[in-house]
Each structure stands twice: as C-alpha cells, then as structure tokens.
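Protein chains in written order, with this note's numbering: chain A, 1 to 219; chain B, 1 to 246; chain C, 1 to 224.
Derived from the structure by calculation, the hints contain no laboratory data.
Incorrect hints may appear among the rest.
Unchecked claim - Taking lysine-lysine pairs in the DSS-like style, the calculated list, with each CA pair at most 30 Å apart, reads:
hint, chain 1, residue 1, chain 2, residue 2
1, B, Lys-187, B, Lys-133
2, A, Lys-127, B, Lys-81
3, A, Lys-127, B, Lys-6
4, A, Lys-114, B, Lys-237
5, C, Lys-20, A, Lys-174
6, B, Lys-95, A, Lys-127
7, B, Lys-126, B, Lys-73
8, B, Lys-237, B, Lys-187
9, C, Lys-177, A, Lys-82
10, C, Lys-177, C, Lys-50
11, A, Lys-127, B, Lys-107
12, B, Lys-77, A, Lys-127
13, B, Lys-81, B, Lys-203
14, B, Lys-95, B, Lys-81
15, A, Lys-127, B, Lys-203
Since the model is a prediction, treat every value here as computed from it, not as a measurement.
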Amino acid sequence: MDVEVIKTYLPLYNEAILLTVRLGWFGILAAFGIGLLGSVIQYFRIPVLRKIAAVYIEVFRNTPLLVQLFFIYFALPKIGIKISAESCGILGLGLIGGAYMTETLRSGLESIDKIQHESALSLGMTKRQVFFYIILPQAFSVSIPGIVANLIFLLKETSVFSTISLMDLMFTSKDLIGMYAKTIECLFLLVIYYLIMLLPVSVLGTIIERRARYAQFGD
Amino acid sequence: MSELVKVEHLHKEFGKNVVLKDINLSVEKGEVVVIIGPSGCGKSTFLRCLNGLEGIEGGIVYVDGLPVEPESKDIYKIRQKIGMVFQYYELFPHKTVIENIILSPMKVQKRNRDDAVREAIELLDKVGLADKKDYYPRQLSGGQKQRVAIVRALIMHPDVLLFDEVTAALDPEMVHEVLQTMLELAKNGSTMIIVTHEMAFAKAVADRIVFFDQGDIVEETTDVKGFFEEPSTERAKKFLKTFAYE
Amino acid sequence: MHSLGIDVLLKGTNMLRLLKGLWVSVEISLISVVISIVLGLVVGALMTSKNKLLKAFLRLYLETVRIMPQMVLLFIVYFGSTRVFGLNITAELSAIIVFVFWGTAEMGDLVRGSIKSIPKIQYDSAYALGMGKFQVYYYIIFPQTIRRLLPLSINLVTRMIKTTSLVMMIGIVEVLKVAQQIIEANRRSSPNAAFGVFAVVFLLYFIVCWPITRLATSLEKRWE
C-alpha cells in the first residue's frame, strides 16, 4: 500500500463522504417525515389514503433502490419530469426509507395496548391528545430498534448513488481504480470511509437500544 | 331526587353476541353501587358503556342529565365527570407518577401546572405515595400503581367513579391497601360504581348490590347484608356458593 | 410524440432478453440463498455456543456484514482479489461469494434468534416428561424454531433478489444492464424508450419479490 497515493486521494474521498452524508441526511429526514405520515394514516385507518399508503409500501419495499433510482432519474424525464441527480438521490432514499419507516412506526403504534388509549379517553382527552401525548411517545420508544436498523440500512443504500453519476464514495473509488489502478489503496479508503460514516451510528444505535430495552422509562 | 347516572333500556351486542339486554339502573349522588356476577356476564362492558368507551346498540345512558354518545362532541366533557380505574392500572409508562396525574388537568381542563402539581401532591399524600411522585410506573408495586391510578382519576373532580375489577390483578397483600383507599372515598361521600370479585369488600362498601348474569340484572337490592346471607334468586345463590370455600 | 418504449420491448427478442437478464439476478440469489441457509444453520448454532471466543468472533463477523454496504463487499472481492491474491475470479463467482458471506451472517443471526426465542421452560418441561435430548430437540424445539425461522428466511430471499441488482456494478449483464443496452440500441427510433423499459424492469422486480413477501407474511400470521 502506498501512503503517498492515499494522501493524494484523501481530498477526493473527503468530498465524496460529504456528498453522501448530505444526501443521506436529507433522504433520511424525508423518510422519517413520510414514515410518520404513513403510519398515522394507517393507524387511524383513513379511508382511501390508507389504500394508497399500502400500495406505496408494497411497491417500494419489494423493489431495489437501484431500480427506483433508474426509474426516477432516467425514465421520468421522458415524460417531462426532470430532477437533478442530487434531488433524485434524496427522493429515492426518502421514498424507500419512507416505506420502511411507515412499517416500523405503524407496528410500534399497533403494539401499544388499546386500553392505554381508553384510559386516556376516560380522563377526558380528545383523540388527538391521546395520540400525541400517550400513544406516539410510547410507540416511538418501542420502535427505536427498528428505526436504528432502518437508519443503517438507508446509509448503506446510499452506495447505489454512484449509478446516477453522483460522485459518492463508490463512484470515486470505481473512477480511481479504473484510471490509475491503485486498487488496494482505493478499497482501503472505501472501507475506512464507510466505517467512519456507519460505525458511530451503529454504536450509538446499540447504546440507545439497550437503554430503551432495559431501562424503559425510569431508573 | 338527584340521579347522577341513569341507564334506560341499554342494549349492547358484539356482532350477533348480545352482551347486555335491556338494562335499567339509576345511581344517586353519594351512592356506592357494587356490581357482582360471574365472569363474562357483561359487568365490565356495562361500565365501559357508561363513559362511552363502548358504543351501545339500544337505549340511552345519562350522566348528570347529559346523554352519553361516543361520537358526539360533548363526550369529552362528559368523560371529565366520570373517573375510571382499570384492572391493569393503565398508567402511562412513559410518564412519571406526577406527570401521569397532572397531564389531563393541564391538557384537558387547562389548569396551570403549579395548581395541578399542588393538588396532585395533596392527593398522593392522602394515599401515602407523596414520596413516589417522581418514580416511573414500572418502579412501583401493583398496589401503588393502582392508588396512583385512583389519584389520577380523582384530580379531575369527577362526579362519579367507575372501578373495573381494580384488585383482580393484584397480589393478595396489596389488595388491602387499594380497598382501604376506596373505603375512604366512599366514606367521604363519593359516588361510585364498582365491579369486583371481592365479596367481603362488596359487603362492607356497598349501599346497593346489583347482580348481573348473562347480560341481565338478575337481582338488585339495598339490603346488602340480606343479599349475602340469603339472596332471593336461585342464580345469585348459586353464584355466591362458588365463593363458599373461602 | 414518440412512444414511451413498450413497443421497443415487443420488438424481436427484447422482452426475452430482459427476462433472461432478470433470471441472471434471480439465479445468483437462489444459489446464494441455498448455500447461505445451509451455512447459516451451522453458524447460527455456533452463535448459541457458550465459547466466549467463538461468540466474539462470530459477533464481529455479523457486525462487519451488517455495517458494510454489499456494494463495498462486491468491490473488495471483485477488484481486490485480483490485485491481492492474483486470483482471477469471475464477476458471477464474486457476487455469489459476497452474497453467501452476507447471507450466512444474516441467516445465522435469524437461527440464533429463533433458538433463543424458545423459553427454557420448554426444554425443562420436555425433559420432565422423560424425553431424551434427541426427542426434546426433534419433537419440541425444532418444530417451534422452524415456525419462527421460515418466514424470516423467506424474507431473506427477497432481500437477496433486491440486492443482486447491484451486480451490474461489477459488469454482470443482468436485467438493468440489458435494459440499458436495449434503450441504447433504439436511441434513434425511440428516444423515449427509457421510460417504458425501466418501468417494466421496476414492475418485473415487483412481480418477483411481492409474492414471496406475501408468502412470508401469511406464514408469519398463521404461525403467530
């Protein structure tokens, strides 16, 4: 392994990871928003919207992100919908993540016993108050392991961004391997940079999960 | 005559299964009514109809003169007049004891926090749990949880309290502390409707006994002592016999 | 107004080529899944062992697989093996190696979870009935483990199939690559073909994965 080569490549990898983190952040934010909305629709069984949400979840959970991105990036412009590569990455991540988050949050919401809802109602709360003060906070903490798993999954999925010519870690690596054949250095940097990005999330996630599991609400 | 709760021709079914048929009952202010009967006789469902947690298929329920209709806008106001305590406490696990108690005074009745906290501590003190105010429910015993649940209902100043088998999930040594709390309430003139399997307690606390069987009121009497010695119906006799081994 | 590409697929053997491309992905997934399940059963059983060193090692293996994108693993095996070991591994073999490496870890964890989920009292009560060790596992533990395991491992199949879409990145001609070729070849006559062709690829993946997911869900519900 050539340390000099690694030094010259570092700035390129820095740029690449920043791109991934930036797009990943917005994508995950979108996924969260969609997930919250979707799970509320499913939980309250809102007619029509509920059916739409169900179809959306099935479609996006049963197709690869890569294919979704190709469709958004290469196919949609042909019917006049043009989206920049970056927005496309965010949108794709948001949509697939939204489907997974909806499922996670929905099952969290459904895991809360119906009688919790009733005991809050018996105190005179409105349905909205019951949902926001009683059901959602509990469902959220139940869902933490699922949410953490989704976060890691989504950050990993960003590795397909390179296919729509976003200069992420994969793109940069493939490019450099192709041009200069410094395979080992590039693969080394690739692994290190993904570790930098994912290890903290994984470790932090495990800690939060433990908290949620062993010390749920108190001591 | 001040009827606080009035039930007329209440009919309730789950699908084809009729759970309550043509129930008529009035409860006066300050009265303690104890409902007993075998499991699955509909007594818990009956309680849940009183505050509109269950819809009903026929008849009508009035609380303080207002009809209880689960889908109406007034239901939230009516429920504030009716405190309910559940078998499994149903405290909110993500909130501390004090937060559990002050949540609805603050959010539903829009009382200010200091006022709610002050009263909460006062009430907790009465049931001997003031020192537990910052605990989470999971750190309390069943009996303590149930007393907190009672305080949580009381702070809303309800006109009537519903108790749904509140000691059924408790270890025997904790039953006493909860029943003691309820006896205090009865002594202070609270209106209460109690579903229970504790016969000795029923005898001690009731102004009136209502015996349910198969969705029907089979026997109803203010002669509480007489009921437990010599009920007038066969079905009540048979039911009381099942407790004889105690 | 140009057509949106469905006609391109109906031309000649294009649709057939696309399906063959899909089969390439499915084939890689099926081979990988079968090997992963067999190895996963072993690894999963080892994960429940009391040997601390073995457990720590397997834990490290699992976490590595969990944290590294499959695409990175593909790159390491495909590009790295040639450079480091001088081996010339085909893209297909690289893909199978990576998916087995990944699938075995996931399957192993599912097996571990299923075994652990059987409460100890189940063993105790079986032993109390006078059963021998073999009988306890054969009649009591395995049937319960399988019921938890089967839906989860079926889900692993769809995850595999979805992930195999990545193999185009190491030059395997699978459905997306074929789609690109078809679009490219018809650029002049049908410039908007990308829409129809990619829509069909989207649909094809859905048609393959959805029934498998449904099967897993219904099994899960039935055995709950």
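For each hint, the structure was consulted:
1. Between Lys-187 (chain B) and Lys-133 (chain B) the CA atoms are separated by roughly 26 Å; this keeps the pair inside 30 Å, and the hint holds.
2. Restraint check for Lys-127 (chain A) and Lys-81 (chain B): satisfied, since their Cα atoms lie roughly 17 Å apart, inside the 30 Å limit.
3. Of the supplied pair hints, the one linking Lys-127 (chain A) and Lys-6 (chain B) holds, its CA atoms being roughly 26 Å apart against a limit of 30 Å.
4. Taking the CA atoms of Lys-114 (chain A) and Lys-237 (chain B), the gap is near 36 Å; set against the 30 Å cutoff, the hint is violated.
5. Between the alpha carbons of Lys-20 (chain C) and Lys-174 (chain A) the distance comes to roughly 27 Å, so the proposed pair stays at or under 30 Å and holds.
6. Proposed proximity of Lys-95 (chain B) and Lys-127 (chain A) is supported: the alpha carbons are some 19 Å apart, at most 30 Å.
7. With a C-alpha separation of about 34 Å, the suggested pair Lys-126 (chain B) and Lys-73 (chain B) falls outside the 30 Å cut-off, and the hint is violated.
8. Between Lys-237 (chain B) and Lys-187 (chain B) the alpha-carbon distance is near 29 Å, which keeps this suggested pair within the 30 Å criterion.
9. Our distance criterion of 30 Å between C-alpha atoms is met by Lys-177 (chain C) and Lys-82 (chain A), whose separation comes to about 22 Å.
10. Taking the CA atoms of Lys-177 (chain C) and Lys-50 (chain C), the gap is near 47 Å; set against the 30 Å cutoff, the hint is violated.
11. About 12 Å separates the Cα atoms of Lys-127 (chain A) and Lys-107 (chain B), which keeps this hinted pair within 30 Å; it holds.
12. Of the supplied pair hints, the one linking Lys-77 (chain B) and Lys-127 (chain A) holds, its CA atoms being roughly 13 Å apart against a limit of 30 Å.
13. Proposed proximity of Lys-81 (chain B) and Lys-203 (chain B) is supported: the alpha carbons are some 26 Å apart, at most 30 Å.
14. Of the pairs offered as hints, the one joining Lys-95 (chain B) and Lys-81 (chain B) holds, with about 23 Å between alpha carbons and a cut-off of 30 Å not exceeded.
15. This hinted pair does not check out: Lys-127 (chain A) and Lys-203 (chain B) have alpha carbons roughly 38 Å apart, beyond 30 Å.
The earlier numbered hints that this structure contradicts are 4, 7, 10, 15.
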